[in-house]
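Trainee: The listed protein sequences correspond, in order, to chains L and H. The numbering of the first sequence is UniProt numbering, which starts it at 1 and goes up by one. The numbering of the second sequence is UniProt numbering, which starts it at 1 and goes up by one.
Since the hints were derived computationally from the structure, they do not count as laboratory data. Don't be surprised by glycine CBs; every beta carbon is placed ideally from N, CA and C. A hint or two may mislead.
[Said to hold, decoys possible] Stretches of chain L that chain H covers, calculated by requiring three or more beta carbons in the stretch to come under 8 angstroms of a beta carbon on chain H:
#1 150-156
#2 282-288
#3 358-367
#4 423-437
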Amino acid sequence: MRSIDDIDRRTAPLVLAHLWLAVVAFAAAAVLGGWQMWARSPLPAPFSTPHNYFLSVTLHGTVMAYVLPTFFIMGFGYFVAVTALERPLPARWAAWIGFGMGVVGVVLAAVPVLMGRASVLYTFYPPLSVAASYYIGIILVVVGSWIWSALMILAMTAWKRENRGEAVPLVMFATVANVMLWLWTTVGMGCELLFQVIPGALGWTETVDVGLSRTLFSWTLHAIVYFWLLPAYIAFYTLAPRAAGGRLYSDTMGRIAFILFLLYSLPVGIHHLFMDPEHGTGFKFLQTVLTSLVTIPTLMTVFTISASLEIAGRLRGGHGPFGWLWTLPWDRPMVLATGLSFVMLWFGGLGGIVNMSYGMNAMIHNTSWVTAHFHLIFGGTTVIMYFAIAYEIWPTLTGRAVQSARAMNMQLWLWFIGMMVTTLPWHWLGLQGQWRRVAEFNYADPIVAAWAPYVIVSVIGGLVLVVSALMFVWNLFKLQRGEVSVAAPMSYAVAVYPPGRVPGMLNGFTSWNVAVLVLMLVAYGYPIAQFFIEPAPQAIVQRIR
Amino acid sequence: MASSHQEILRTELRWGAVMGVLVAGILGLIIYAALALHISPPSNVERIDPKTLQLSDEFTEQNLGTQVSGDGRVTARIVATQYAFLPPCVAVPLNRPITLRFASPDVIHGLLIAGTNVNTMVVPGYVSQVHATFTQPGETPMPCHEFCGLGHSAMLGRVQVLPADQFKPDAQGRVACAKH
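With the hints as extra help, turn the sequences into a complete structure.
Mentor: Have a look at this one:
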């Protein structure tokens, strides 16, 4: 166990640069999110015009989907590579180039959005077409993240060469699983942007095959959520058991869970297109079945992490079937966040099962139910673990000591309460048929008027979320300016039976990538090929300038 | 904490069985709903050129709205366009099956009718078709639920569910919404 400084003094600034960019962008986007809820509520909101609303949604979505997770995951990945493998980062200069490309990309995308000339949310919606620099900026962020991906793979293979036959530490194995997942994920959206959207925006093409663009985006749209989610799972397996004072119940189950995520997050994207006319029932049903399988690694994780925490609770004197829950150290941010995250995971996961249920999707498609679902799973389950990860690694990164965890715990509680108070009314409103993506509702209509109390409750939840987001930035800022201490060593959870050697298939990804390829050919082969076998009539590109 | 390898494996296998039952149960319900209750998503892969939509036979202006054919089948044809549904009000019969057909000449739209199974995307290049039976009389909103441009929030159609005595086709078999 060594601190990041002993191993590689110059990686800490790299990690901090990524994380601070993610954190500051996140806080700004959270404030916008709060304003959006206010603008749609019966309460009079300032600046509320459709122009401002869709500008805000585009900025909020683009930051939360492409800036916060990408930069956070890159930064955390570099941190893991150095601290878990205990060797310097290979080609650190390339990592800075990747970061630079990302920053240029963010600026290129942000400028047209802020000018109100790229209001296509973050999901593009061709044949709508806006300033090309918006799309090119996003591509640059993705290309920057590919450099990160290459460095992560390089770091793991170099370690394996130096430690022949030994098991790659679970935290690095999981990080590289997420790298593989990400590389596959970016293919769909990358093709959509490069071959359809950007040529249209630049005026090279006048028409676009909308069915194809929606299908390519769906390739990315589900898997990207798992890319965002996996750092939370990495924290569950490798940080939470240690923070609680216990052991990881099973290292092997962890490896299998991350492999299953790689396999089953990709061939399932068509469940976002259940209500679309360009695909038949066959492939929709096939992907329903595949989607149901992605519940397995989550259910495995709930089991393994509960068992790991139970070990900690019993070591601390807990008795009986549930007594160990009360003896857990809930005053430690990582433990508290894990508990709160699990609660949100149950709610969000159950809602998600409704979404993927084929015909049942008609009840809730494009209603507030869906908005509630992904805010609960990403904004709740996932982002609360980003907070906990930041609190956990900041002392190591900065060489400053945590003075008191109280402000951190309060921030985590506020986030949890805010997320529940925001999303539970949204679920209900979705079932009532409240539709998505509008700048305002007409509360004079009696049907809409009946929603008003629920909308106002959710606005209050949104306010709590904004307070918590700002408090997060403040907590990190204070931590960074805290007392200098001996650089805290970073360590990861140890399994009850630490793996000595593991089978090659649980120590690398070659065969699993072949399996992904086969699954993608089965799930997406014909659904994409159909657009080339019998090209559909195209729509005229509509440039908004 | 004195779990042996065997004990850990045993508990994991037990949980594995629970997971298997859960997933099989969920899938079983979905298959039952699809096959026995005929609940499937709208999935007729039917192409139509958005560039000539309103010049084509089916979606020309005079052909839009609700029509009862000679054999008594009811079909409504609706164009979703920036930022309105044409016709803006659709008359549908109470407790009688109807086929709703939508198409877009411009960008992506979508719509839902709360309390029914009607929920579909309208993608330029395709006809979206939904079969429904309305069981609640009265007027209900049919909003566009997919971002289609800055005017999206104002794209709000209506559906009038008419009991048999008010659902009266004219000589051409057409039914329009009642005037207020």
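Trainee: Could you tell me which of the hints above the structure violates, numbers in ascending order?
Mentor: Number 1 only.
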